[in-house]
Amino acid sequence: MSRENKSQRDPSKADLDDLQQRIDARREKYKPAPDTAPRSAWSLGMRYGSEFFGGVLVGAVLGFGLDYIAGWSPWGLIAGTMFGFAAGTLNVVRAAKDISSESNGG
Amino acid sequence: MADTNPIKQFEVHELVPFEAFGLNLAFTNSSFFMMLTTLVTIVLFTLAMSSRALVPNRSQSVAEIIYGFVADMLRSTAGNDALRFFPFVFTLFIFILVANMLGMFPYFPGPGLHSFTITSHLIVTVALAMLVWLTVIVYGVFKNGAKFLKLFVPSGVPGYILPFVVFIEVISFISRPVSHSVRLFANMLAGHILLKVFAGFIVMLGAGLGVGGYFIGIAPFAMTLGLTALEFLVAFLQAYVFAILTCIYLSDALHPGH
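Line by line, the protein sequences are chains A and B.
Sequential numbering of the first sequence, starting at 97, is according to this note's numbering.
Sequential numbering of the second sequence, starting at 94, is according to this note's numbering.
This is chain B alone, in the form it adopts within the complex (with noise of 0.2 Å):
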C-alpha cells in the first residue's frame, strides 16, 4: 500500500550533510528545490528573450507580458516612483511563482522523487516577508527622515485617544509581516495536505474494498482533479497577492502620512 500520510510531502531531508560553527549547514531537498527555483527562472527567460525580436515571438511575448504585469501593478498601487523597486518586486514574484509551481509536480526528478513546495515552510516565507518589511523600515526612514514616524500617526484624531491609536497603528504595522508571510504558507500548506487526503483516499479504498473500492474511488479522484485545477489557480493568486502587497507596503516607505 502507498504511502497515504498527507504530511509526508513536506519533510525535508539532508542529501548533503554539512557542519558549520556548530550550525547544521546541510543541502536539503529544501535548497534543491530554492536552487532549482532560481535555475529553471533563469533558463526560462534567457531562452525566452534570446531571439530579442522587435516583433516577439511567443515565449518572448510571455516574458514580456510578464514583465509589464508586474511593471503596471507596482505603477498603479505605489506610483512611477516605485518603479526603483521593480527588480526586487519583480523576483519575489516570479521566485514564488515558479517555487509554487515546481511544488505542483506530483512526481518530480528530484531528490527522493517527490516534488517540495519550499513556500509551504514558513521560515522561507518568513524570510521574505521580513526581506519587504525590513525594506519598508529602512529605505521609509532614509528617504523621509522623522516624516516616516507620520505612518503611525492617523490625521483627524483627537488628542485624548491619540496615544491608543498610535499604539494600535504600530501594532498593526508589527503585524504585517506576520500575516504577509502566514498567508502564504497557510495557502500552500492547506491546499496541498488537501490534494494529498483525497488521493490517499483512493488508495485507501482500493486497499479496503478490492476492486469494488476503486470504482468507489472514482468520486475522489474526481475531486483531485477539480483541487488540481484550484491548486494551480491558488499557486499564481499567492504569488501575485505576495507582489502586490510588497507593493502597497513599498507605497508606504515613499509617501508615509496617507
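Chain A with its partners taken away, still in its complex shape (with noise of 0.2 Å):
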C-alpha cells in the first residue's frame, strides 16, 4: 500500500515530460496578444517627433561645442545640424521598425 502510494507520488520523468509539454500547450494556447496595450495616434506622433528633435539638438549642441572649442564658427554648428538631421532620421526609421515589428506580432 505504501509502495503503491510512493511510486504515484514520485512521477517518473515520462510523465514530468508531459505535464510540461501540456503546460507549455496551454501556455501558447493562452499567450496575450503581443501588442496588448492600444496606442493612440497622439503617442505614436509625440514618438517620433521626440526621436527626431533629439537627434537634431544633440547634433546642432555638439557642433556647436566644436565652434567653441576648436573655433571654426559656423562650421561646426552647420555640419552638426546636418549630421543630427541624419541621426534624426536613422532614429525614426528605427522607431518605425520597432512599431511595425511590434504590431505585426513579431
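The set of hints was computed from the structure by calculation and includes no laboratory data.
C-beta: ideal position from N, C-alpha, C; glycine also.
Careful: at least some of the hints might be erroneous.
Derived Cβ-Cβ restraints for the label pairs, each shown as a range [as the list claims (entries may be wrong)]:
| # | chain 1 | residue 1 | chain 2 | residue 2 | range |
| --- | --- | --- | --- | --- | --- |
| 1 | B | G306 | A | R123 | 50 to 60 Å |
| 2 | A | R123 | B | V246 | 30 to 40 Å |
| 3 | B | I216 | A | A110 | 55 to 65 Å |
| 4 | A | D114 | B | V259 | 45 to 55 Å |
35 Å max Cα-Cα, derived DSBU-like pairs, lysine-lysine [stated by the list, open to error]:
| # | chain 1 | residue 1 | chain 2 | residue 2 |
| --- | --- | --- | --- | --- |
| 5 | B | K243 | A | K193 |
| 6 | A | K109 | A | K193 |
| 7 | A | K193 | B | K240 |
| 8 | A | K125 | A | K109 |
| 9 | A | K193 | B | K236 |
These two chains come separately, so use the hints to put the complex back together.
Shown next as C-alpha cells:
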C-alpha cells in the first residue's frame, strides 16, 4: 500500500515531461496578444517627434561645442546640425521598425 | 472667479525651507508627491501580497499580473538574461505609472489641495532617462569591454562612408536620453495643459455670460470628460513606453553589435 502510494507521488521523468508539454501547450494557447497596449495616434506622433528632435538637438549642440573649442564658427554648427538631421532620421526609421514589428507580432 | 491659468498646476512650492552648502534643498510639493508615489506603491503591494495565497484573490492577482507583464516585456525585448534587470525596470515602470496616476486627481488632500504630476517636469524625467542611459554604458562596457563599441559600427558598411556612419550612430546614441525623457515629459505636460484649458472654458463662459454661459459650457465639459479618459490611457501608455524603451536600450548593453 505504502509502496504503491510512493510510486504515485514520485512521478517518473516521462510523467514530468508529459506535464511540461501540456503546460507549454496551454501557455501557447492562452498567450496574450503581443500588442496588448492600445496606442493612440497622439503617442505615436510624440514618439517620432521626440526621436527626431533629440537627434537634431544633440547634433547641433555637439557642433556648437566643436565651434566653441576649435574656433570653426560657424562650420561646426552647420555640419553638426546636418549630422544631427541624419541621426534624427535614423532614429525615426528605427522607431518605425520597432513599432511595425511590435504590431505585426514579431 | 476660479483661477483658470492652465499652467499654475505645474508650480513648485516650498513646503519646508531647507538650505545646505548654499544649495536650496527645500522640501517641495514635488518632493511630497515623489515620496507619496513610493509610499502608495509600497502600501498597495504589501496589502495585495499580504495573504500570500497559492490561489490569489483579486488584489493579489493584480499585483501578479503587473509582475508578469513587466517580466514578459523584458523577456521578449531583451532576452532571458535581461531578467537580472527586472527590479530596475519594474521600479521605473511602477514609479512612473503611480506618479502619473496620482497626477490625475483634480483635487488632492495634499499641499495646496491640488495634485502635482512629477513626470510633467523635465528634470525628473531627465534624471530617470540618464539613469537608464548610464546603466547601459556602465554595464555594457563592464560586460563586453571594447566589444561594446560595436554598437556604433553597423556591419556591411563600405569603408569610405564608415566615419560618417559612426558619427551619426554616436549622435543617435547620445540623443537617446533626450528623446526618452522629452517624450514622457511632453506627453504629461501637454495633456494636463489641454485638460485645464478646456476646464477653464467652462468657468470663463459662466463668468462671462451668466446662466446661458453655463449651458454652452456643456460642450467644453464633454470635451474635458473625454480628455480625462484619454489622459488615463496616456498615463498608463507613457509608463509602458518608458519601460519598453528601457528594455530595448538594456538589450543593447547585453548584446551589442546587432
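Hint check:
1. B:G306 - A:R123: 50 to 60 Å: About 58 Å separates the Cβ atoms of B:G306 and A:R123, which means 50 to 60 Å holds.
2. A:R123 - B:V246: 30 to 40 Å: Holds, at about 39 Å.
3. B:I216 - A:A110: 55 to 65 Å: holds, 60 Å
4. A:D114 - B:V259: 45 to 55 Å: holds, 53 Å
5. B:K243 - A:K193: With Cα atoms ~21 Å apart, B:K243 and A:K193 stay inside 35 Å; holds.
6. A:K109 - A:K193: violated, 44 Å
7. A:K193 - B:K240: holds, 25 Å
8. A:K125 - A:K109: This hinted pair holds, its Cα atoms lying about 24 Å apart.
9. A:K193 - B:K236: holds, 27 Å
Of the numbered hints stated above, the single one contradicted by the structure is hint 6.
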